[in-house]
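2 protein chains.
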Amino acid sequence: MSLKEDGPSVAIVGVTGAVGQEFLSVLSDRDFPYRSLKLLASKRSAGKKVNYENRDYTVEELTESSFDDVDIALFSAGGSISKKFGPIAVDKGTIVVDNSSAFRMDDGIPLVIPEVNPEAMEGIKLKSGKGALIANPNCSTIICLMAATPLHRRAKVSRMVVSTYQAASGAGAAAMEELELQTREYAFNLFSHNAPVLSNGYNEEEMKLVKETRKIWNNKSVKVTATCIRVPVMRAHAESVNLQFETPLDEDTAREILRNAPGVVVIDDRAANHFPTPLEVSNKDDVAVGRIRQDVSQDGNYGLDIFVCGDQIRKGAALNAVQIAELLL
Amino acid sequence: MSLKEDGPSVAIVGVTGAVGQEFLSVLSDRDFPYRSLKLLASKRSAGKKVNYENRDYTVEELTESSFDDVDIALFSAGGSISKKFGPIAVDKGTIVVDNSSAFRMDDGIPLVIPEVNPEAMEGIKLKSGKGALIANPNCSTIICLMAATPLHRRAKVSRMVVSTYQAASGAGAAAMEELELQTREYAFNLFSHNAPVLSNGYNEEEMKLVKETRKIWNNKSVKVTATCIRVPVMRAHAESVNLQFETPLDEDTAREILRNAPGVVVIDDRAANHFPTPLEVSNKDDVAVGRIRQDVSQDGNYGLDIFVCGDQIRKGAALNAVQIAELLL
Numbered sequence: 002m003s004l005k006e007d008g009p010s011v012a013i014v015g016v017t018g019a020v021g022q023e024f025l026s027v028l029s030d031r032d033f034p035y036r037s038l039k040l041l042a043s044k045r046s047a048g049k050k051v052n053y054e055n056r057d058y059t060v061e062e063l064t065e066s067s068f069d070d071v072d073i074a075l076f077s078a079g080g081s082i083s084k085k086f087g088p089i090a091v092d093k094g095t096i097v098v099d100n101s102s103a104f105r106m107d108d109g110i111p112l113v114i115p116e117v118n119p120e121a122m123e124g125i126k127l128k129s130g131k132g133a134l135i136a137n138p139n140c141s142t143i144i145c146l147m148a149a150t151p152l153h154r155r156a157k158v159s160r161m162v163v164s165t166y167q168a169a170s171g172a173g174a175a176a177m178e179e180l181e182l183q184t185r186e187y188a189f190n191l192f193s194h195n196a197p198v199l200s201n202g203y204n205e206e207e208m209k210l211v212k213e214t215r216k217i218w219n220n221k222s223v224k225v226t227a228t229c230i231r232v233p234v235m236r237a238h239a240e241s242v243n244l245q246f247e248t249p250l251d252e253d254t255a256r257e258i259l260r261n262a263p264g265v266v267v268i269d270d271r272a273a274n275h276f277p278t279p280l281e282v283s284n285k286d287d288v289a290v291g292r293i294r295q296d297v298s299q300d301g302n303y304g305l306d307i308f309v310c311g312d313q314i315r316k317g318a319a320l321n322a323v324q325i326a327e328l329l330l
Numbered sequence: 002m003s004l005k006e007d008g009p010s011v012a013i014v015g016v017t018g019a020v021g022q023e024f025l026s027v028l029s030d031r032d033f034p035y036r037s038l039k040l041l042a043s044k045r046s047a048g049k050k051v052n053y054e055n056r057d058y059t060v061e062e063l064t065e066s067s068f069d070d071v072d073i074a075l076f077s078a079g080g081s082i083s084k085k086f087g088p089i090a091v092d093k094g095t096i097v098v099d100n101s102s103a104f105r106m107d108d109g110i111p112l113v114i115p116e117v118n119p120e121a122m123e124g125i126k127l128k129s130g131k132g133a134l135i136a137n138p139n140c141s142t143i144i145c146l147m148a149a150t151p152l153h154r155r156a157k158v159s160r161m162v163v164s165t166y167q168a169a170s171g172a173g174a175a176a177m178e179e180l181e182l183q184t185r186e187y188a189f190n191l192f193s194h195n196a197p198v199l200s201n202g203y204n205e206e207e208m209k210l211v212k213e214t215r216k217i218w219n220n221k222s223v224k225v226t227a228t229c230i231r232v233p234v235m236r237a238h239a240e241s242v243n244l245q246f247e248t249p250l251d252e253d254t255a256r257e258i259l260r261n262a263p264g265v266v267v268i269d270d271r272a273a274n275h276f277p278t279p280l281e282v283s284n285k286d287d288v289a290v291g292r293i294r295q296d297v298s299q300d301g302n303y304g305l306d307i308f309v310c311g312d313q314i315r316k317g318a319a320l321n322a323v324q325i326a327e328l329l330l
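Residue numbers (our numbering), protein chains in the order written: chain A, 2 to 330; chain B, 2 to 330.
Quick caveat, the hints were computed from the structure, so don't treat them as lab data. There's no promise every hint is true.
Just so you know, same-sequence chains aren't split out, so a pair can sit in one copy or run between any two.
To be verified - The calculated EDC-like cross-link candidates involving lysine to aspartate or glutamate, where the alpha carbons are at most 20 Å apart (straight line), are:
id	residue 1	residue 2
1	Lys212	Glu116
2	Lys212	Asp300
3	Lys157	Asp300
4	Lys221	Asp300
With the rest of the complex left out, here is chain A (with noise of 0.2 Å):
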């Protein structure tokens, strides 16, 4: 990040948090330029003070003047307080960013993956005075689609089976706590996710993976189904994807397709029996993509078996968010 007299004015809500941390982290990595940084969060962490480029930041209440000169808010502080002042924003003419699932399904609220769908964003205008809402797709959608994007704009995809290998990470700080400490609930085992399952028994985080990828691929035809199972790991997210194309697309290819593809980086060593591991890309920006193969139960070229790891805290939210910010610019 850099002060810049004619960069944006930014704020970041819920910054105490794992993702409001990140955000920090990869705005200054990007070198993203702003002419002011206001650090926002809830009553309890107000006060707190904040060292960021060697400048001291004292952490702000969220309150509904806390908007007033902001032109790019990133918000991660959960649905609830994205519904109550994400309005808030907009109606102050900020473009809020958000990394909540409050909005994500709203019509006429873009939900974007840069490297995906940027032309959702189309008419959003920084300093036009007019704010607008950008919702952040969920993790696990992004680390999917990363991958089985350009391979979707060659040859369509009609159905995706996603099986999920999630990270405690998303389960937050506590989760990754306990999977140090090698207590009974994360260490050595693995469950169904978390999040709530319904009436379809399906959980939240299986739809959403079902419905976003509809909303981003602004294709409503497209089959995908879900299970999103949550493993002893840190923070990168892993997911074995098959998928169903209408038009025959051979695995060379589809190698080719995914070398030349942004944000993404091949790891497909079959003799080393290298593959993508969340280890590997921890901390990292790009999603990693392996395993490619032409799938056996499919006949002719019309399926292909892919394995996809992606930093679930970067690339799963905060990255995707900031370079969001950046298409404003």
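Take the given structure of chain A and dock chain B to it, following the hints.
For chain B alone, coordinates are given in the frame of chain A:
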């Protein structure tokens, strides 16, 4: 296990290994009747004393004459030992239940899960003077098919997409110790199964699931794809299984079928988010199935998603082999 004058004479090959030890404990748990017991292992382990059911045994070196007067031999000493000594035992009139992959795909050698295809053993008789080989399927195949078969019988599976979450135990005692010690390779990470990767990009573990399913179901047209991943879990495997049927099957009927399936327990409490976990099935005989739901990516009731957990050493190996031996009694 209990000594019985008219019971078979039993030999265990590879008794000092993890599965070998489990053979002893399963035989004891199930009160398997036997006339005599012979414990066989490599030269290195020969001479070791084993106290089993209040009797002292000495581990003997496996040699060509080990099988004189052995009715049933349970092998779990690796493929090369099975390949060399399996046929020798058969020549002596012994019925060999082999836990290695050496003979699984051979024509004329039954590949058996007792709850699934006991008929494959037809014609094999104890004390008939005629030896025989029976292969024990791969652990991930057994665990998957324990849940999938009852549904297959009702609605015929046309395609199955499996993603596994496999325990370190399958990679041997060293892997389990590594995990316990929280070393980098096994803890807080996961990786594509360590079996060699074939020219089609699948690893051997995955192709076992594909091919063994076809043989066990005696159905060459069933389509299967699998992605096998090791996770930091001690001894039970989990599998996310997506099923496609030829005829409709609704989830309530599926749940009822699974509740009545032998060797299967249903754990499917959506309100409490309580579903099968590896820890819960560790050291248990039954395979647990849950997350039973209509697949939203398939029209009508032609698809189901299920999640299965089973003890890899028990039903995935030793128990299944002992159940095969029980069919011979």
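Now for the hints, and whether the structure bears them out:
no. : hint               : verdict
1   : Lys212 with Glu116 : within (19 Å within a copy, 39 Å between copies)
2   : Lys212 with Asp300 : between (28 Å within a copy, 16 Å between copies)
3   : Lys157 with Asp300 : both (16 Å within a copy, 19 Å between copies)
4   : Lys221 with Asp300 : between (25 Å within a copy, 14 Å between copies)
Comparing the model with each earlier hint shows no violations; every hint is respected.
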